[in-house]
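*Asks:* Kindly generate the complete structure, drawing on both the sequences and the hints.
Listed below are the residues making up each chain.
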Amino acid sequence: MKFYYHLLSQPSRALYIFLKLNNITAEFIIIDFPNGDHLTDEFKEINRFQKVPCIVDDDGWKLAESIAILRYLMSKYKNIPDHFYPSDIRARAAVDEYLEWQHINTRFGCGVYFQLRKKIGPFAVLSEEALPIFKFLMESTLEAIETLWLRGKKFLCSDEISFADIIAACEIEQARMTGYDLFENRPRLKEWYEKVKETTNPYYDEAHVIVNKIVARSQKAKL
Amino acid sequence: MKFYFDLLSQPSRALYIFLKVTKTPVEFVKIDLKRLEHLTNEFKAVNRFQKVPCIVDNGFKLSESVAIFRYLMQSNPNISENWYPKDAKSRALVDEFLEYQHIGVRYPCAIYFQTKWLLPTFSGKPPNEKKVREYENLMIKSLDTFENIWLASDQKEFLATKEISFADILACCELEQPRMADFDTFKDRPRLKKWHEKVKKETNPYYDEAHKNVYDIIQSKGKLSSKFDLVFIYRYLRYIKFKKFFE
Chain A
1 MKFYYHLLSQ
11 PSRALYIFLK
21 LNNITAEFII
31 IDFPNGDHLT
41 DEFKEINRFQ
51 KVPCIVDDDG
61 WKLAESIAIL
71 RYLMSKYKNI
81 PDHFYPSDIR
91 ARAAVDEYLE
101 WQHINTRFGC
111 GVYFQLRKKI
121 GPFAVLSEEA
131 LPIFKFLMES
141 TLEAIETLWL
151 RGKKFLCSDE
161 ISFADIIAAC
171 EIEQARMTGY
181 DLFENRPRLK
191 EWYEKVKETT
201 NPYYDEAHVI
211 VNKIVARSQK
221 AKL
Chain B
1 MKFYFDLLSQ
11 PSRALYIFLK
21 VTKTPVEFVK
31 IDLKRLEHLT
41 NEFKAVNRFQ
51 KVPCIVDNGF
61 KLSESVAIFR
71 YLMQSNPNIS
81 ENWYPKDAKS
91 RALVDEFLEY
101 QHIGVRYPCA
111 IYFQTKWLLP
121 TFSGKPPNEK
131 KVREYENLMI
141 KSLDTFENIW
151 LASDQKEFLA
161 TKEISFADIL
171 ACCELEQPRM
181 ADFDTFKDRP
191 RLKKWHEKVK
201 KETNPYYDEA
211 HKNVYDIIQS
221 KGKLSSKFDL
231 VFIYRYLRYI
241 KFKKFFE
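So the sequences go chain by chain: A and B.
Residues in the first sequence are numbered consecutively from 1, following UniProt numbering.
Residues in the second sequence are numbered consecutively from 1, following UniProt numbering.
A portion of the hints provided could be inaccurate.
Unchecked claim - Think about it this way: if two alpha-carbon atoms lie no more than 25 Å apart in a straight line, the pair counts; the simulated DSS-like pairs of lysine-lysine are:
(1) B:K89 to A:K20
(2) A:K51 to B:K141
(3) A:K51 to A:K118
(4) A:K135 to B:K201
(5) A:K119 to A:K20
(6) A:K44 to B:K141
(7) A:K78 to B:K130
(8) B:K20 to B:K201
(9) A:K118 to A:K222
What the hints assert, rightly or not - Reference excerpt, derived from the structure (chain B facing chain A, CB under 7 Å, subset only):
(10) Q74
(11) D95
(12) I103
Hints were generated in silico from the structure; no laboratory data involved.
Beta carbons: idealized from backbone N, C-alpha and C, even for Gly.
*Replies:* The structure is reproduced here in structure tokens:
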């Protein structure tokens with residue numbers, strides 16, 4: 001199986017961590033999208049949406065969309081620990097609930113806010129007026145995680161870590177890269193974030209090498 | 001199982017159609033979005049996110065239409081397999097669309113609809129023309145991708161495979177939304193139109209039933225028939241905190 005990714009892409013990082021944590025055999029291929037490599041005809045053959053992450057399975061079969069890829073991997077590899085995507089119907093539904101909610105909430109909020117602040121990416125074309133709107137969305141999302149998702153449990157969907165937690169942590173990193181203080185007045189968020197890293201390291205840090213450099217630079221800029 | 005919905009909401013319509021077509025036994029409970037019933041404390045106890053659709057199954061609460069759909073498929077093994085194939089690769093192709101559609105289809109169509117029609121209708125203020133144009137461009141791009149990539153293949157009749165799946169129902173419901181704001185998503189797009197007709201054929205009479213209010217609004221060029229009342233005004237004041245999105 002070939003796994004196409006780049007560590008500046010949040011869902012790429014989430015799948016990278018998941019693959020490494022579970023020792024899944026794959027050829028890791030970096031697509032340099034900051035340099036436009038995702039726009040080549042060659043890559044369009046691999047993913048018609050010209051995005052990362054995506055996979056090409058051993059028989060040449062192609063799949064995009066990180067959450068779809070996660071589900072496919074869970075069905076293909078039977079030895080992955082159940083808690084990442086439980087087989088119990090209700091426990092699974094609870095994880096699905098976050099995986100569906102996060103697209104227009106965590107991802108969109110943190111991701112577009114990052115694009116508007118750094119002036120890169122497809123949403124950077126939106127006008128200046130969009131910035132406060134997406135900051136509001138990002139903060140509402142973080143509040144929802146703090147007060148609704150993390151209420152009464154250790155992780156987002158249950159007391160055990162699932163893929164929902166991995167993707168959520170990767171998405172909120174986008175906000176960190178702008179210098180925004182995610183954890184101010186959000187103690188549950190902070191505690192959860194540390195637990196996610198602890199449970200998935202060293203792969204979490206490995207996946208976030210570039211991100212952490214950018215965060216360090218943005219903090220230096222503040223001083 | 002209780003299914004909470006409002007046919008003004010695209011994912012509500014999608015699940016409504018799915019439940020009716022598959023004859024899945026549920027109690028249909030209408031939540032009136034126009035009267036902001038979803039913002040009441042009583043409803044907050046049903047869905048912490050205060051949105052429709054959602055379900056409560058013997059005390060188990062679940063929101064997010066795609067999560068609900070999967071839960072229904074797993075809890076009702078008698079439902080016909082085409083809606084969500086058992087084969088891992090076919091299923092993954094349906095998943096691919098279900099994940100893509102949030103930002104690829106739903107967002108551009110919904111934000112256009114809300115900016116051009118929903119908020120102006122509720123507030124009485126004219127739409128922000130600059131924003132409407134911006135969102136229209138975003139929506140057109142996403143419709144182009146839909147037609148040129150999702151519907152490009154001659155090898156499948158529907159979005160994911162040769163047979164209709166939940167992806168097709170959900171997509172159609174999302175694409176109907178901008179029509180209420182007088183933007184015909186299917187106009188001059190023959191592939192889109194042809195596929196839309198096929199989906200309706202496979203799911204009628206429930207598709208038309210779910211879209212009755214939508215068709216009425218499209219016909220009347222965006223005029224709502226319900227009247228103002230005090231309850232509405234009171235609830236609108238609470239709705240104001242969401243105004244930031246549309247002004």
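*Asks:* Has the given pair, K135 of chain A with K201 of chain B, been kept, meaning a C-alpha gap of at most 25 Å?
*Replies:* violated, 43 Å
*Asks:* Quick one, is the D95 of chain B hint okay against chain A at 7 Å, beta carbons?
*Replies:* The hint holds - D95 of chain B has a Cβ within 7 Å of chain A, the shortest such distance being about 4 Å.
*Asks:* Would the hint linking K20 of chain B and K201 of chain B be met if the CA-CA limit is 25 Å?
*Replies:* holds, 14 Å
*Asks:* Is the straight-line distance between the alpha-carbon of K51 of chain A and that of K141 of chain B 25 Å or less?
*Replies:* Holds, because 16 Å separates the two Cα atoms, which is no more than 25 Å.
*Asks:* Taking only the CA atoms, is the gap from K44 of chain A to K141 of chain B under or equal to 25 Å?
*Replies:* holds, 18 Å
*Asks:* Regarding the hint that Q74 of chain B lies at the interface with chain A, is the smallest CB-CB distance below 7 Å?
*Replies:* holds, 5 Å
*Asks:* Are the Cα atoms of K51 of chain A and K118 of chain A separated by 25 Å or less?
*Replies:* Within the cut-off at roughly 20 Å; holds.
*Asks:* Quickly compare the C-alpha distance for K89 of chain B and K20 of chain A to 25 Å and report which way the hint goes.
*Replies:* Cα-Cα ~22 Å, so holds.
*Asks:* Going straight from one Cα to the other, do K118 of chain A and K222 of chain A come out at no more than 25 Å?
*Replies:* Between K118 of chain A and K222 of chain A the Cα gap is close to 15 Å, so the pair holds against 25 Å.
*Asks:* Checking one constraint from the list: CA of K119 of chain A to CA of K20 of chain A, max 25 Å. Satisfied?
*Replies:* Distance ~32 Å between K119 of chain A and K20 of chain A Cα, so the pair is violated.
*Asks:* Would the hint on I103 of chain B be counted as holding, given a Cβ-Cβ threshold of 7 Å to chain A?
*Replies:* Nearest chain A Cβ about 6 Å off; hint holds.
*Asks:* Sort out whether K130 of chain B lies within 25 Å of K78 of chain A, counting only the CA atoms.
*Replies:* violated, 52 Å
The structure fails to meet hints 4, 5, 7 from the earlier list, while all remaining hints are met.
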